[in-house]
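K.L.:
Chain by chain, the residues run as shown.
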Amino acid sequence: MTDTAVGAAVGPDALDHGPGDAVPASTPPPGAGGHGPPPVPNFNIVPVRALPIVAVVLVGLIVAISTDNLWGLTFFHVAGGGLWTSLDLFLGLVLGPIMGSMTIPARVEFTTKFMPKMLLIMPTLVAMTLGAGFQLARHVGNLEATYPHHGWIVASMVIVGVMSVIALGLLEPANLAVLFELKKPHPNGERIGRLMKVFIYTAGITGVMQVATIVIMTFLASR
Amino acid sequence: MTAATETLPPGFGEPDAEDLRQADLPPVMPIAIVTLALIVSGGIVVAAQYGRPAHLTIPTVLLGAAAVLLLVNAVLIARIRAFAWPVFFRVLGWALLAYAVIAGILEYVFIYDHTPARLLFLFTAMLVLFAIDVPLMLSYSVARWQPLDAN
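From first to last, the protein sequence lines stand for chains A and B.
Residue numbering for the first sequence follows our numbering, beginning at 1029 and increasing consecutively.
Residue numbering for the second sequence follows our numbering, beginning at 267 and increasing consecutively.
Hint data in this document are derived by calculation from the structure and do not stem from the laboratory.
Glycine included, C-beta positions come from ideal geometry on N, C-alpha and C.
Hints are supplied without guarantee of correctness; some may be wrong.
[What the hints assert, rightly or not] Coverage of chain A stretches by chain B, computed from C-beta distances (three or more under 8 Å per stretch; other residues unrestricted):
#, segment
1, 1109 to 1119
2, 1152 to 1162
[As the list claims (entries may be wrong)] Beyond 12 Å from chain A on every Cβ pair, some chain B residues (computed):
#, residue
3, R345
4, A391
5, V394
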């Protein structure tokens, strides 16, 4: 999900130190791999101050579900889904290439400030979209096996399922591992590059699936 | 990538202690991903039958297979000797909390919808496995790259 942005930020090409790129003043200790990473600013892996906002959103979601409020369910599903899809495509197609052209220290600094926030934003959007979406589909009868376009609903479930496995099984673990790697006194640039390849290769898959999801959802909304 | 070998300090590509330790680690991540895929597949099979009498044989088999794999993974992790255990448990604790909240919201939806008992049991079991499997992946994937004395 947040894959390409990070991949571009400290991805494989982040190892290409150009003449103008900053290199750390400190020399890595022997045995640490001698990776010459750029300076890493101090950062928190989980932005604790943002947790109340997440809590407010989740409480709102629960209220919408418990009251079976059609407007509330539609709001959380459409707002969450729209932001989720837009963020994915924006990061993958716009921000990723821009970050790829930034200097190494700039990419690292951006990553350390940006990625922790994404650790909270993306799961919240996913919970909004799927939680409200399931309840909305049940509410309006789209979930019923007798629904004329039931096949499309099942297709969307399969797409979301595959995306979930990719996101939770590949992207998020690598994302977290990179953040912890950047927390080390001497981050291993080569390892970060390897982990980021996971992001880059899976970004294409999730991007295509996001487009497929848009096709299905707009089709169903127009019936 | 090509310029990296020319401009980076000598020894850049050499593996460090964490790299060398990887060969001794069990295949936790592939097993955990398969576990997650089985859980998600079971959920899709059940959800696709919504509104008509559900055939639960396939999802039950998928759930059973996922439970076995999760147990195997837990045993494999417990048998690792050289591992950054403090980091593993720290990440695991927070991740369990986060995914318990997510699973709790989903469970609430199922209960609120008066899901039939057999289906509810199946969904609940899937959510429990999900809320353990994902934190396990997150904590393992962080701890495997940390030095043994990291805390």
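K.L.:
Work down the list of hints and note, for each, if the structure agrees.
P.N.:
Each hint tested on the structure:
no.: 1; hint: 1109 to 1119; in the structure: violated (count 0)
no.: 2; hint: 1152 to 1162; in the structure: holds (count 3)
no.: 3; hint: R345; in the structure: holds, 20 Å
no.: 4; hint: A391; in the structure: holds, 17 Å
no.: 5; hint: V394; in the structure: holds, 16 Å
Checked against the numbered hints above, the structure violates only hint 1.
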